[in-house]
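Chain by chain, the residues:
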Amino acid sequence: MSSLAVALTGNPNTGKSTIFNELTGARQKIGNWPGVTVDKKIGYLSHQGRNISVVDLPGTYSVNARSPEEKIVIDYLLNEKPDLVVDVLDSSNLERNLYLTIQLLEQGIPLLLDLNMQDEAKRHGIRVDTEKLGAALGMPVVETTARSRSSIKTLLDVFTSTMMEKYQPSEKVRAHIARVEGLRAGNLAADALEEKIIEERYAFIDSVVSECVSVAGASSDLTEKIDAVLANGWTALPLFLVMLYAVFQITFEWIGQPMADALDDFIGGPLTESVTATLESWEVADWMQSLIVDGVIGGVGGVLTFVPLIFVLFFCLSFLDGTGYMARVAFITDPIMRRVGLTGKGIMPLMMGFGCAVPAIMGARTLDSEKDRMTSILVTPFLTCGAKLPIMALFAAMFFPDNAANVVFAMYILGVIMAIIAAKLLGGTVFQEKGSTFLLELPPYRIPDMKTVLLETWDKGKGYLIKAGTIIFAMSVLIWFLGNFNFNGMTEEMNESFLAALGTGMSKLFIFHGFDTWEAGAAVITGILAKESVVSTMGILYGVGEISAEAEDAVETAATLMQSGMATAFTTMSAVAFMVFSQLYTPCVTALGTIKKETGSWKWMGFSAAYMFAIAWVVSLLVYQGGRLMGF
Amino acid sequence: MATYILGAVLVVALIAAGRHIYRNFADDKHDCCGTEMNCTKCPHCGK
Ligand SMILES: Nc1nc2c(ncn2[C@@H]2O[C@H](COP(=O)(O)OP(=O)(O)OP(=O)(O)O)[C@@H](O)[C@H]2O)c(=O)[nH]1
Ligand SMILES: [Mg+2]
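One line per chain: the protein sequences are A and B, in this order.
Letter 302 of the first sequence, counting from 1, is numbered 302 in the numbering used here, and no numbers are missing.
Letter 26 of the second sequence, counting from 1, is numbered 26 in the numbering used here, and no numbers are missing.
Please keep in mind that the hints were generated in silico from the structure rather than gathered at the bench.
Do not rely on the hints blindly, as some may be mistaken.
Pairwise CB distance ranges (calculated) [stated by the list, open to error]:
1) B:F25 - A:L183: 50 to 56 Å
2) A:L509 - B:V11: 48 to 54 Å
3) A:K71 - B:G18: 52 to 58 Å
4) B:I21 - A:M163: 33 to 39 Å
5) A:L509 - B:A2: 24 to 30 Å
6) B:I21 - A:G49: 56 to 62 Å
7) B:V11 - A:E80: 46 to 52 Å
8) B:F25 - A:M506: 49 to 55 Å
9) B:V11 - A:E283: 16 to 22 Å
Model, not experiment: these values are computed from the prediction.
Each residue gets a CB set at the ideal place from its N, CA and C atoms; glycine is no exception.
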């Protein structure tokens with residue numbers, strides 16, 4: 001079987017990753033904004049008896065190797081010499097897209113032109129004469145709509161049937177290359193030379209486009225109309241907040257929360273009861289019953305309850321990502337980001353922090369300057385990641401049943417504000433360097449591809465489930481063990497357990513915060529291993545005791561027991577203080593490890609652990625004492 | 001008896017969990033990045 005190496009190149013946001021995913025069944029991140037893919041990614045398939053490898057490359061506007069992405073692309077194309085280089089173009093934007101095409105041709109790289117986004121081009125009344133375009137360049141041309149199966153099938157057939165050796169750059173292209181080479185050979189100054197070459201390229205593109213592209217009845221541009229409202233100087237920021245608020249309402253009030261409540265009722269009620277009854281009938285030892293019911297169900301179940309929230313939130317964020325609104329968010333927030341020494345571009349990795357700090361910290365690599373990158377790495381963990389979400393949701397539902405969504409929203413905003421303040425402080429003191437400029441092409445608004453959105457939601461949600469089944473499970477067993485044993489073996493009194501001893505030590509720090517119980521102290525400690533553990537710990541510690549002691553009397557579900565335990569341990573104000581602290585304190589070990597790796601220094605890792613703890617301690621103290629002064 | 005069986009099941013589950021955590025650590029993978037990718041190679045992370 002002969003093999004075929006295919007590489008996908010093109011401008012950013014032209015649909016390369018969509019095509020790649022459709023071809024190989026991979027799950028590359030797709031988003032409606034330029035610069036989603038920043039590294040090459042390889043996938044495999046076979047078609048008509050040929051093994052095909054496909055490489056998805058980052059989108060670029062040119063191949064000067066100025067940015068890391070450009071370097072990846074040009075290195076790959078020149079060194080690996082794939083059999084077939086596919087230049088994916090946005091058909092509704094041919095002029096701009098051809099600028100990369102002509103540069104690649106100048107490098108002597110034969111191309112298969114893929115005129116993608118046919119659906120949009122048609123809607124705009126744009127028609128491309130593929131025969132003429134092919135003839136003008138001397139290269140094969142194919143038309144696709146990446147989201148449709150039939151296009152992908154066509155593309156595969158073209159891949160296997162196209163013999164690139166048969167294609168030679170057209171007379172026109174060769175003449176252009178000769179002119180460019182002539183310019184290079186002359187003795188122009190670098191700047192002037194660059195300018196001349198750019199002129200040449202545009203002249204070439206103009207003549208090709210006028211030959212091959214026709215526009216019938218320019219339709220009114222919907223994107224412009226929407227942007228007049230959504231990206232307009234006055235309304236943009238308030239509308240952005242409204243948009244975020246809506247996402248929260250959907251997640252924590254309308255759709256996510258009711259599902260989470262139902263799941264909670266099920267886990268705390270029927271599930272716990274039937275497991276308890278079964279264990280009882282099997283005459284399982286009491287300690288094992290406690291381990292399973294209090295430890296595993298209390299700990300893992302307590303976290304699983306929040307899975308619906310996670311899925312709904314990820315769905316909303318993924319959906320927004322597909323509409324093209326996120327790129328506007330970068331613009332809208334640019335002035336604010338600039339004030340703290342970052343740029344709007346930094347909002348993209350930052351937004352990832354709502355999912356998990358780890359990819360967000362790594363995503364900071366896409367930022368242009370070292371200062372932006374370091375600042376972003378150090379402030380990202382302030383945001384509410386998916387693992388902190390259960391803490392916020394749990395406390396909000398318990399202490400503010402009528403206002404849960406608003407309280408959670410406030411906590412998220414607090415995280416954002418702290419991130420901004422910290423960026424400002426770090427920018428002014430630790431890192432001083434001029435901010436970089438920021439250019440981002442605004443993509444047209446699109447209706448997100450549901451398949452993409454659902455796959456991405458599932459992918460991230462699945463990660464959360466796996467985490468619950470592995471690390472949170474292991475942590476729950478550990479917490480149960482520490483909470484039920486001391487040096488004398490198993491103890492009836494949790495207050496005398498290992499965990500109580502640990503928690504008591506930690507709780508000394510929170511005497512003025514209103515939550516100086518050993519349980520809260522223990523939750524703070526376990527939370528550093530994985531933030532979900534805060535919720536597991538609460539579930540195990542407050543959901544415990546009564547059930548195993550007198551199973552028959554357990555008419556109250558574990559959930560209500562837990563609530564009554566927590567309701568007495570916290571006042572409303574100390575609950576808020578605890579939420580604030582959990583929101584802001586030291587990131588989990590995984591995030592810390594990532595910080596170490598990304599900054600290459602233990603010093604920065606230690607710094608981030610310590611300064612976040614300190615900030616959390618101070619802010620939480622201010623909130624608690626301030627609240628008490630105001631009479632709450 | 002049932003206690004021992006359940007104990008054994010739990011131990012096996014714990015070992016499996018531990019193995020997953022170790023594997024993730026060794027391969028530099030993170031569940032929270034989504035399951036399909038290795039983080040350093042994941043589209044928005046890697047470079
Ligand atoms: N209408 C339409 N939308 C498409 C088509 N192909 C891709 N898209 C959308 O275009 C956007 C960009 O797609 P991606 O596949 O992420 O683009 P990319 O070329 O990989 O972008 P970068 O990684 O930033 O270079 C997404 O919102 C896709 O859903 C198409 O043929 N028609
Ligand atoms: Mg891409």
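We went through each hint and held it up to the structure:
Range check, F25 (chain B) to L183 (chain A): about 54 Å between beta-carbon atoms, so the 50 to 56 Å window is met. Range check, L509 (chain A) to V11 (chain B): about 36 Å between beta-carbon atoms, so the 48 to 54 Å window is missed. In this structure, K71 (chain A) and G18 (chain B) break the distance hint of 52 to 58 Å, their C-beta atoms being roughly 40 Å apart. A C-beta distance of roughly 50 Å is found between I21 (chain B) and M163 (chain A), which places it outside the suggested range of 33 to 39 Å.
Separation of L509 (chain A) from A2 (chain B) is about 43 Å and departs from the stated range, judged on CB atoms against 24 to 30 Å. For the pair I21 (chain B) and G49 (chain A), the beta carbons lie near 42 Å from each other, so the given range of 56 to 62 Å is not met. A C-beta distance of roughly 48 Å is found between V11 (chain B) and E80 (chain A), which places it inside the suggested range of 46 to 52 Å. For the pair F25 (chain B) and M506 (chain A), the supplied restraint of 49 to 55 Å is violated, since their beta-carbon distance comes to about 26 Å.
At about 20 Å, the beta-carbon gap between V11 (chain B) and E283 (chain A) stays in the expected band of 16 to 22 Å.
When each numbered hint is compared with the structure, violations occur for hints 2, 3, 4, 5, 6, 8.
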